[in-house]
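Student: The chain contents come next:
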Amino acid sequence: MFAELVCQSNFSFLEGASHPEELVSTAAFYGYEAIAITDECSVAGIVRAWQEIQSNRLPVKLITGSLFTFSDSLRIVLICPNKRAYSELCRIITNARRRSAKGQYSLAEWDLKSIRDCFIVWLPKGNEHDEHWGAWLAKHHPKRCWIGASRLLDGSDHETFAHTRKLHQTYHFPVVATNQTLCHHPDRQPLQHVLHAIREGKKISELGFDAMKNQERSLKPLTTLTRLYPKAWIDESIALAHQCEFCLSELKYQYPCELVPDGFNATTYLRHCVEQGIKRRFPEGVTDSIRGIIEKELALIHSEGYEYFFLTIYDIVQFAKSQGILYQGRGSAANSVVCYCLEITAVDPRQINVLFERFISKERNEPPDIDVDFEHERREEVIQYIYIKYGRERTALAATVITFRFKSAFREVGKVLGFDESQLGYWLKQINLRDRTLGWKAQLASLGLDNTNKNLAHLFSITETLLGFPRHLSQHVGGFVISAGPLYELVPVENAAMAERTVIQWDKDDLESLGLLKVDVLALGMLTAIRKIFALIEQRYDLPVSIPFISKHADDKQVYDAICNADTVGVFQIESRAQMSMLPRLRPRCYYDLVVQIAIVRPGPIQGDMVHPYLLRRHGDMPVTYPSEEVRSVLSRTMGVPIFQEQVIQLAMVAAGFTGGEADQLRRAMASWKKTGKLLQFRSKLIDGMTERGYKSEFAEQLFEQICGFGEYGFPESHSASFAVLAYVSSWLKYYFPAEFYTGLMNSWPMGFYSPAQLVKDAQLHQIRVLPVCINHSEYDHSLTAAGELRLGLRQVKGLSEEGARGLVTNRPPSGFTQLSSIQQCGLSQGDIAALASANALTDISAHRFDARWKVADTQQSLPLFSEESSDTYQVSAPSPAEDMIEDYASLALSVDKHPIALLNASGKLKHITFANQLAHKAHKTPVRIIGNVVGRQAPGTAGGVTFVTLEDHTGNINVIVWQNTARAQKQPFLSATILEVHGILERSKEGVCHVIAGKLINRNDMFSSLTVKSRDFH
Amino acid sequence: MQWLYAHFPSLQLDHFVLEQAEDKQAALVVFCPQHNEILQVSQCASTAGIKRGMGLAQACALLNRIQLIPYSAEVECQQLHLLANQLYRIASDIVLLEPQGIAIKLDPIIHYYHSVDNFVALFHHVLQSTALRYHFASGPSVEAAQVLALAGADTVYLSNAQALIALQNVSLKYTQFTSKQVSQFDRMGIRTLQAVFQIPLEEVGKRFDNALISYLLALKGNKAVPRATFHPKQHFRYQCELPYELEDSVKLLRFLTQPVEQCCEYLVSQNLTTDSLQLTLHMADSPKQHVEVRAGAPMHNAKDWLSLITLKLEQLALTSAIRGFQLRCEHTVVFHATSEHLFAVRFNQHAENMLMGTLLAKLGSDAVITPRVCHDHRQDLHIRHGLPHSGAACEQLPSGQHPCWLLIDPQPLSTQTKIVYGPERIQTGWWDDSAVKRDYFIALSSTGQRLWIFRDHQSNWFVHGYFS
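Which chain is which? The protein sequence lines are A and B, in order.
So the first sequence is numbered by my numbering: it starts at 1 and just counts up by one.
So the second sequence is numbered by my numbering: it starts at 1 and just counts up by one.
In short, the hints are calculated from the structure, not lab data.
Note that CB positions come from ideal geometry on N, CA and C, so glycine has one too.
One or more hints might be untrue.
Selected chain B positions facing chain A (Cβ under 10 Å, derived; list incomplete) [to be verified]:
| # | residue |
| --- | --- |
| 1 | G189 |
| 2 | P200 |
| 3 | H375 |
| 4 | W430 |
Take the sequences, apply the hints, and build the full model.
Tutor: Right under this line is the structure:
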C-alpha cells in the first residue's frame, strides 16, 4: 500500500497535467491507500476529486492539502488531518492570495509560524538553505513535520537520498516517499511540457534543462514504488494518511442568523413571512389545494434545513423592493409557491403546473436553485447591500473556472510547438465549429495539410487532451456565497480581477456537490426597461402600473393577437427572428403557450426535431400519442413532445432506467458538455436502456440529439415560466403604451436584440412620430412630448460625453441656446460640440450640419477675445439628402426621416423592386426582386448551413433564406454587401409568414458606398 | 520645378511573386496581423472579391485557399532601395518616400535627355523590367505628384498647371492629411482638394495646424519641403523570408541567384568590388547561422560568386531548417583594373580566413569543428558541432555526473562492466525526430575505466562516454 501525499492536479494551472478525477481514479486503480490533492496555494480541484470518489465509490482516501513555495528556498505541503486544520489551511491560502494580485500568492513567514493543526511535508531543496529551514521547522513545528523524499531518476537520486537521511538524523523528522506527482499517467508528459511552455511563454524546444526530463512525476504501480523507495518511507506515508480524518462532507454551511428577529426561530419566521405574503399574493384567500402545497413546501424546507436560504433571498428582494429596483426570481424557484408568497418570483402557481419536487427533491439531494434577476443598471446597488450587510469577510462571489476551449487550446499548443501565429490564425478561421458533419480535424485535413507531419499530429492530439483543462479562475456573474462566520474558514478566498471583488476557489458545481448554497444576483436589461416604461406611464397618465397589475389582466386577447402577428420587436425573449417566425405558427393564446413558445425555439427542441411534431399535434393534424404510460406522465403537458430540459432528464429516468444519481450526472454533463464533452459517455446507456424497455431506437436517438442540443442552451420549464411573465408584460406594454415602450427600451439600451435604428423604424411603423436630436429640446434620455412624440435624447449622439450632455441640459437657458458661444460656455469640449453639430442638433443656431461643424472647428471662436460670432469669409455648401442621411447614421446610428432605400427609390434607381409592405399582396411562389440594408445575418448551428438574412427597406423588414449552395456560389455579394438586392421566390406559409428564398444576390454598395449601417452578424 | 513620382502599391507582394512564389497565379495576400487588415492582393485573390482593408475572416470566407504573407515594412524599404539603385543609373535627384514611393526631380534631367518624354520612356523601361506594379504622375512638387500617383493618374503632365487642374478632383483620402483631418473635412462636406483649395488659408488656419497649411502650399508648388536625396549606400544588403522552410542548404541557391546578381550589379554601378559576402541564415529552431564566403581576390562577377557560394552551401551543416536569409556585402574596395596582385592578396590580412575557407571547402565542415553546449536534456545534443569562431556562448551544463569524453555516436557495450551509479532516466524530445528513452549509468570496466553507459528502450546497452 502507499499514500501519495504530494500531488498537483491541473488546478495548479499550467503545471499539473491531469484532472483531479483522473488522479483519484488512477490512485484507486493502483490500490493506493490514499491520495492527497495538493495544488499550489489552492484547494480548487479538491471537490472534483471528492465528487469522483463519491460517485464511483472509489476505495481510496482523499486527503486535502496544498503546496506552497516560500522565498524560493522552501517548498512545503500542508496536509489537513482534521476540520480545524482545513480551516487553518483555508485561512493561510486566503491570506497568501489576498496579499497578491489575481492568480498570484505571497506567503509570509508569519503564516508558517501560525500553523497549529496542519501537518507539514517538507520538500528539501538539496541546497544550503535546507539547514536553515530544517532548524526553523524543528524549532516551530517539531511534532508535525515530515520530510518528503522523491526518487525522480534525475541523476542525483543518490545525493538526494543521502541528503534526506542526513536531515532525518539531524532533525528527527520522519520521511515519507512521494513522487511529487503532476500526471496520472506517464503519457501526459508531452502535455505537461506544453503547459510548462505556455506558462513560460516559450517554445517547447526552448525549455531546455527546465523541462521535465522524464516521466517519473506520475502515479506509479505499487510494485514500482517498492523498488524505488525504502519500505519504511512508504509505510510512513500510510501512517501519515491514517492520521488524516478530514473529509469534505464534514463541511457544514452556517447561514447568517441575524436575519431572524428576536422571538422567532428560522422556521417560525419563515412561516411568518409566508403568511404575510399570502395576504398580499392571495387577498381573496388561498384555496385548499394551494394551502396544501404551501404546507408541503414548508415541511420539506424544514426537513432539509433550507429556511435560512429562503430568508436570505427574501431579505435581498425586500431590499430591492424598498429601493424600487425591479427584480424577478427565476430558475427552479418558479416551481415554488413559497417563493411566490415571499415575492421572490412572480409566477402565479395557478397559471402553471407547480411541482415543488422540481425545485427541491430529497431524492436528488441537491440544493434549491433560486436565481434573481435585477435591473441591469441597478444591480450594483444590490451587491453593495449584500457586502455592507454581511461584511466582506462573510461574502464572496463563486468562481467560474475558465477552461481551454478549442480555439485557445489550438492556438496555444500551436504556438509552443513552433507554428507561426498567422498560420494558426488562418487555420482557425477555416474551422467552422458548428459544422456537425465534419469535425475540426477533417476540416483542417481538407485544407491539404500533410497528415504525415509529426508536428501536426502532436498539435492535434495535445489540443484534444487540453480541451476542458482549467486555465484560471474567474468570477461568477453574480453567485454570492454568504456565511455565518468568516468565509475563509470554509473555503479559500482570493482577489478577483475586478477591484473590490473577492472570489472563492470553488465554482457552482463544486458548491452544489458539497451542498453549499449560493445566491444568484443577476442582471437583466429588460427589467431596467420595464421600470423606465412604468415610470413614463405614471408620469404621463398618473397610472401606477406594475408587473402584478399586468399579470392580473392575464390572457388579454388583443395582446395575444399582436403576439400571434409577430409584432414583437423589442419584446422580451420572443423578439428574435426565429421566435417571430414561429409565433404565427404556434399562435400562443395563453400564458402557458408563451412558456412553451420561449422554450421551443431553442437548439434543444430544434436539434431533436421536436418542433414540427408539436405544431402538428397542437393544431390537431397529428394524434397525441405516448409510447408508454411512464412517458405520458412526463410529457402530457406538452402534448407528448419533450420541450423542457427537465422533461428529457425525467425521460432518461422513466424510459432508460437512469437512477437519480445518474440523472443528476446527466444534467451536469448537459450543462457543461461543450466544455468537457462528458455527455457522450451517456449515449449508449440512454439508447440501450430505452431500446431494452421497448422504445424505438429512433425515439432514443432523437432524445439523445435533443439532450446534446439542450447543452448549455437548454431551458427548464421554470426558467421559461419566469421569462414568459416578462415576455407577456413587455407585449402588454407594447400594445397599450407603445410610445412609452419604445422610449423606455431605448433608454435602457444596450440590451435586447434590436439596435435603436430598428426600434425607431418599428416605432414609426406603429405611427409614433420620432423627433430628431435638438440642443434646445432634447433631454439626456429619450423623452416623450406632450403630444406623445418620441424626442431622441442626447445619449444617442455618438462621441458626446455623458458629462457634456448632462451639462448642456442643466445649463440650457429657458429660451434655449441662440448662439454657439453660449454652448461653448457650458463647459462642453470641442469634440462634444462637434459631435452635436454632426448629429444635426445645432439646427437652431446654424444653417445646416456642415455649417455647424465648420463653425465649431474655428478654434479662435472659443477664445474669450473672439467670443462674439465672427464673420466667415467662406461658406460651406449644404448637404444633399443622401449626405444628410449618411451623417445621420454616422453620428446617431439611425435616421429619423431618411432611409437609403427610400432615397434610391426617389432617385429612380430602383426598377421592378417589391418593397417589404408589398410582399403581403404577392402570391405564394411569385418571383420577386427585393432590396434593403443587411441588418442581420444569422447562421444557427441547427439550420444545416442555411443563413437567415434580414433586409430592411423603408417600409419594413424582409426575411431572406439563403441556402448554403447559393451563399457559396455568390460569396462576394453574400459576404460583402451592406445594401443587397435579391432576386428570389416569395414563399408564404399558410399562417402568412413570408420569406424570400434567395436566388441571385447583387451587391448594391456602390449605390451608397459610404453608408455606415452596421450589420449584426453571427458567424 | 517638376517632379515625377512612382508609387508601388503592392511592392512586397509583387516581389514575393517574382522571387519566391511557386505558383505565380496563387491567391496571395499581404496581411497585417496587428491590425487584422489585408494590405496587398494578388490578381487571383482580387478576382475572388478580396479587397484591401478587409479582415482575415472575411477574406478567408471569400476564398479559403489564400496564401498569407505577413506584412514587412523592412522588406518593402529594402526593395525600394534596390529600385532606387537601379534608377540612380538614369537619374540623380531621387527622393525616397518609404516604404512605397520614389520621386525624381525632372528639371535637371531634361538637360541630359533633351525632353521629359525621353526620360520618362527610359524610366518606364527600367521599372517595367522589374515587373513590379506601379502608378505614376508628375506634378509641381513631390507632394502633388505623390497625390496624383496614389490616385492612379498614370500621366506625365505637359505642364504644372495641367497637373494642378488634375489635382482638383482628387479625393482627400489620397493626400497625406492625417486620417483625423480627412474625417474632419468629411464631416464638413469637404471631400476633394478643389473644395479645400477654395477655402481661404486664413480660415484653414483657424481650424487646422500649420503643418496642414505648409502641406497645402507644397501641394500647389508654392513652397518646397526640404527633403534628403537618395545616395546609394556603400554596402549591399538583401533580406529574404523564404516561402517555405528549406532543409537542404543547396536548395537555397535558387533564392540566392537573383540577390547575388543584384549585388554584383550594384558593385558594378558603384565601381566597387569585394572579396567577401556574408550570409546570415535564419533558422526555424535554432539561432541564426552566419556564413562568410570569401574569394581569393576581390571580384564582382555574379557567376564566380555563385560558384563559390555553391561550394560553400554544399559543405554547410544546417542546425535546423532555413526560414530566411540576409545577404550582405559590407567590405568593398574601389575597383581598379590593375589591381590584380594575386599573391599579395592571397597573403594579406585575409590570408587566415582564406586558408580556413579552403580547409572547410576541401575537408568538409565535419573535419573542422569546435564544440559548443546545447541547452537540452538529451546527451547527444549536449555537445553540438559548430564551425570555428561561430561565437556560440559557452553555457553551463546541467548538474549531474557527466563525462569529459563524449562519443559522437554511442557504441554498443561489449565489455563486462559493473554499475556503480545510476540510473539517470532521460525520456524526452517527443517533439522532434530525436526522441530518446534511455537510462544512463556510470559503470566500472574490468580495467578500472569509468564508463558512461546507457540502456535504451529495447534494453540494448551502449557506451556514450568516458570519465577521465
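Student: Check each numbered hint from earlier against the structure, then list the numbers of those it violates in ascending order.
Tutor: The structure conflicts with no hint, since it agrees with every one listed earlier.
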